Each structure stands twice: as structure tokens, then as C-alpha cells.
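Chemist: Sequence:
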Amino acid sequence: GKTWLAVAMAVSNLRQGLIKKIVLVRPAVEAGERLGFLPGDIAAKVNPYLRPLFDALNDMMDPDQVKRYLENDIIEIAPLAYMRGRTLNQAVIIMDEAQNTTVSQMKMFLTRMGYGSKVIVTGDITQVDLPPHTKSGLTDALNRLKNIDRIKIIHLGEADIVRNPLVQKILNAYEEDKPRKHDGE
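All letters in the sequence shown, in the order written, are residues 19 to 203 by this note's numbering.
Since the hints were made in silico from the structure, they are not lab data. This structure is a prediction, so every number in the text was calculated from the model and none was measured. C-beta atoms are modelled at their ideal positions from N, C-alpha and C, and glycine is treated no differently.
Ranges between beta-carbon positions, derived for each pair:
no.: 1; residue 1: I166; residue 2: N190; range: 27 to 35 Å
no.: 2; residue 1: T105; residue 2: R162; range: 17 to 25 Å
no.: 3; residue 1: A26; residue 2: D91; range: 19 to 27 Å
no.: 4; residue 1: R86; residue 2: Y192; range: 39 to 47 Å
no.: 5; residue 1: D91; residue 2: A191; range: 40 to 48 Å
no.: 6; residue 1: T105; residue 2: A191; range: 43 to 51 Å
Simulated pairs of lysine-lysine, DSS-like, Cα-Cα distance not exceeding 30 Å:
no.: 7; residue 1: K136; residue 2: K38
no.: 8; residue 1: K20; residue 2: K39
no.: 9; residue 1: K125; residue 2: K38
no.: 10; residue 1: K153; residue 2: K136
no.: 11; residue 1: K164; residue 2: K39
no.: 12; residue 1: K125; residue 2: K170
no.: 13; residue 1: K38; residue 2: K170
no.: 14; residue 1: K170; residue 2: K153
no.: 15; residue 1: K153; residue 2: K20
no.: 16; residue 1: K85; residue 2: K39
no.: 17; residue 1: K39; residue 2: K170
Working from the sequences, and respecting the hints, build out all of it.
Modeler: What follows is the structure, encoded as C-alpha cells:
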């Protein structure tokens, strides 16, 4: 799916020597339930939110190599809240589940890109977990940035679902319930 493709692009760029680092970012927004206090350092706290990115990394790389890259800061876990003020050069920076960013968070994230870097933003505007009446940063960015050269927007559809075939039928059943929430209207 979306996450797997983003990670595949980052790993490919790293293996080709086009970048020096992969930065994984995901907003810490829970899907309708509260997880409460999480013990540990920053990596331990954000690990549950980044699990889908790690799953994709482990599909493409040996888990021991992933661990070494994390230890050597070649792969970095970066909580969205800690991105402000940074400039990331020669990196692929992946924002997963971007529908759960606010407009100001998305702007802050997109402006972290330094020289030789690429930003990949993934999300699904039908799966927003923000508080009511909060505009999704992804929805805003799609509208605001669609006509800027060198920014590419790729929409995946039903034919791109790579999970169990039953997932497509489940999604179709939920699509009947429209309208979408948090579409900025």
C-alpha cells in the first residue's frame, strides 16, 4: 500500500547512494481510542505509531540491518512535534498518516526539506482521526500545492489495494456512508 511504496522508494534511494538518511515521521494521533502514558525514551513512545513503517522496512531489509541503521542514525525516528527548526539534507523524509496532521503541522513538516532531499507524504483523507472541525493538513496541502512544479500527487484507488481481497469489499461498504468528515468544508 501507500506506506510500503514510500518506504520502498526511500530504501531504493539509500541503496543507490542518492541519500544518506531515511527519516520516518508520523503524527501521534490515535484511531478513536486513547493509549495513555507510554513509558520509555522518545523511540519507545513513538514506536507504536511507526510500526507500519517498520513492518515495511523489515519487508525490504534484514531486521538486523534495520537495527544497525537505527543505531547509526541512517534511519531516524522523528516525532512530528520535534521537527520544528530542523533542515534535513540528503534524506528521504516520509510522513505517514498525514491526514492526521493539522494545517500548521503540515506546513512545518514540508518546510524541513533541505538540499538533496525528497519528501514523501502518505495518507487517506477518508480516515481522519483529528478532533471535530479540525481541518486536515493533508486535505489542505492537496488543494494548496497541486499546481506547483516538482510536486507530484499520486492517488491510489481500489485497484491498488494489496491487502486481503475482502478489504476492498469492506471499504466499498463504508463508502456508502459518505459524506467525508474533516474535508475542510
